[in-house]
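Visitor: What follows is each chain in one-letter form.
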Amino acid sequence: MTLPPNPPDDDRLVDFLRRHRPAPPPAAPQLEAQMMAQLTPLSSPPVLTQPRRWAIPAVAAALVLGVGGWVVGRSTVPSLPTASASEVEVFLADTWYGSAYDDEVRLPLDTTQPDWLASVYATPY
Amino acid sequence: MSALPMPDADLIQQCLRGQRSAFPILYRRYQRQVRGTLFQLCGAAELDDLVQEVFFRAWKGLPKFRQSAQFSTWLYRIAWNVATDRRRAQGQARSQSLPVPPAPSAEPSTLTQLHYEDVVQRGLQTLSWEHRAVIVLHDLEDLPQQEVASILHIPKGTVKSRLHHARSALRTFLQQEGIQL
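So the protein sequences, as listed, match chains A and B. At position 58 of the first sequence the residue is numbered 58 (our numbering), and the sequence of numbers has no breaks. At position 33 of the second sequence the residue is numbered 1033 (our numbering), and the sequence of numbers has no breaks.
No wet-lab data here; the hints were simulated from the structure. Hints should not be assumed to be uniformly reliable.
[As the list claims (entries may be wrong)] Taking lysine to any residue pairs in the SDA-like style, the calculated list, with each CA pair at most 25 Å apart, reads:
id, chain 1, residue 1, chain 2, residue 2
1, B, Lys1156, A, Gln38
2, B, Lys1156, B, Asp1118
3, B, Lys1060, A, Arg21
4, B, Lys1064, A, Gln38
5, B, Lys1160, A, Leu42
6, B, Lys1060, B, Glu1046
7, B, Lys1060, A, Leu42
8, B, Lys1160, A, Arg21
9, B, Lys1160, B, Trp1129
10, B, Lys1064, B, Pro1005
11, B, Lys1060, B, Ala1009
12, B, Lys1160, A, Arg18
13, B, Lys1156, A, Arg12
14, B, Lys1064, A, Glu32
15, B, Lys1060, A, Thr40
16, B, Lys1064, B, Ile1012
17, B, Lys1160, A, Asp15
18, B, Lys1156, A, Leu13
19, B, Lys1060, B, Asp1008
20, B, Lys1060, A, Asp11
21, B, Lys1156, A, Asp9
22, B, Lys1060, A, Ser43
23, B, Lys1160, A, Asp9
[To be verified] Derived Cβ-Cβ restraints for the label pairs, each shown as a range:
id, chain 1, residue 1, chain 2, residue 2, range
24, B, Asn1081, A, Ala60, 35 to 43 Å
25, B, Asp1010, A, Pro26, 24 to 32 Å
26, B, Ala1089, A, Gln34, 16 to 24 Å
27, A, Thr40, B, Thr1112, 43 to 51 Å
28, A, Ala61, B, Ser1021, 42 to 50 Å
29, A, Ala60, B, Ser1021, 20 to 28 Å
30, B, Pro1155, A, Pro57, 37 to 45 Å
31, A, Ala23, B, Pro1155, 38 to 46 Å
32, A, Pro57, B, Arg1020, 52 to 60 Å
33, A, Ala61, B, Arg1029, 27 to 35 Å
34, B, Asp1010, A, Arg18, 28 to 36 Å
35, B, Phe1056, A, Ala23, 45 to 53 Å
36, B, Asp1010, A, Ala62, 41 to 49 Å
[What the hints assert, rightly or not] Beyond 10 Å from chain A on every Cβ pair, some chain B residues (computed):
id, residue
37, Leu1111
38, Val1119
39, Glu1147
All values derive from a computational prediction rather than experimental measurement. Backbone N, C-alpha and C define an ideal beta-carbon position, used for all residues, glycine too.
Same shape as in the complex, but just chain A (with noise of 0.2 Å):
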């Protein structure tokens, strides 16, 4: 919003308040001296106390440490060794072929040659 420009007595108005604005009463003789009397010694600006000087780098620290931990813990976790999910394999066929035939008729199942699912159907029910 753009106001219009100031009427041209504004300047006729400020003398007016300026010429006749009333002056204050006195201050009080002693006002200064007791003021200054008053007055305590200032605090110095404020600066770390002890203990966040400290808080800084144990912060640091802590992080570090924190990260470093996380980091070798991650790449010391064991992780599932191959191995054992060829056992899943064998073990889950096993259960399969086992349920579906009687024990003497259940043939050592070798998972190791790349057809062995197909000699699973092979054998007769």
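Based on the hints, put chain B in the right spot on chain A.
Guide: Frame of chain A, contents of chain B only:
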């Protein structure tokens, strides 16, 4: 040839180094403006106490004063806060009442002058607190609009707007009092 007055920043540094003798120089340099502003905003009652409060707050706040700022602007800001706190403490109703009339200390030239002073004082009292502040700081204390904006923490455009409305209200009041400018 008189020596140049020591800059505010140097006096403040002396205060911060523990030289209390520097603070009365700052006090004498600015007490007239602070006193005048508080008087126009709050009236004569407790004026000495209010002035003291402003300079006490300034003294205590010196360690946090940013050297990039102007000391006078900062001091006016403190005066404004002190006046506002006092107004709040007294409550809206009492703050709107007329202040205690000042003692005619400064040799009244004429009865007309006294009458005009009374009209100006009452005219200021008719304004809202915010409008009175911009009139006192800008028109009476002669501070630039930008500085008034900094003191009151308002945009410069708001200062202009308030100034416009406050002057308009004052003109109307003066006309009602039979004063033609």
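Visitor: Verify the proposed pairing of Lys1060/B with Thr40/A, using a straight-line Cα cut of 25 Å.
Guide: The given pair, whose Cα atoms are some 8 Å apart, holds under the 25 Å limit.
Visitor: If you draw a straight line from the CA of Lys1160/B to the CA of Asp9/A, is it 25 Å or shorter?
Guide: Holds. Lys1160/B to Asp9/A sits at ~16 Å (cutoff 25 Å).
Visitor: Quickly compare the C-alpha distance for Lys1160/B and Trp1129/B to 25 Å and report which way the hint goes.
Guide: holds, 16 Å
Visitor: Okay, Thr40/A versus Thr1112/B on CB: inside 43 to 51 Å?
Guide: At roughly 48 Å between Cβ atoms, Thr1112/B and Thr40/A fall inside 43 to 51 Å, so the hint holds.
Visitor: Val1119/B clear of chain A by more than 10 Å, beta carbon to beta carbon?
Guide: Non-interface label fails for Val1119/B: nearest chain A Cβ at 7 Å, not farther than 10 Å.
Visitor: CA of Lys1064/B to CA of Glu32/A, is that 25 Å or under?
Guide: Given that 25 Å is the threshold and the Cα spacing comes to 23 Å, the pair holds.
Visitor: Regarding the pair Lys1060/B and Arg21/A, is the alpha-carbon distance no greater than 25 Å?
Guide: violated, 32 Å
Visitor: A range of 45 to 53 Å was offered for this pair. Does it hold for the Cβ distance of Phe1056/B and Ala23/A?
Guide: violated, 24 Å
Visitor: Compare the distance between the alpha carbons of Lys1156/B and Leu13/A with 25 Å, and conclude whether the hinted pair is satisfied.
Guide: The hint holds at about 21 Å.
Visitor: Between Lys1060/B and Asp1008/B, does the CA-CA distance stay at or below 25 Å?
Guide: Holds: Lys1060/B and Asp1008/B sit about 16 Å apart, inside 25 Å.
Visitor: Assess, step by step, whether the Cα of Lys1156/B is no farther than 25 Å from the Cα of Asp1118/B, and give holds or violated.
Guide: violated, 30 Å
Visitor: Glu1147/B: least C-beta distance to chain A exceeds 10 Å?
Guide: At about 16 Å from chain A, Glu1147/B clears the 10 Å cut-off, so the statement holds.
Comparing the model with each numbered hint stated earlier shows that hints 1, 2, 3, 5, 20, 29, 31, 32, 33, 35, 38 do not hold.
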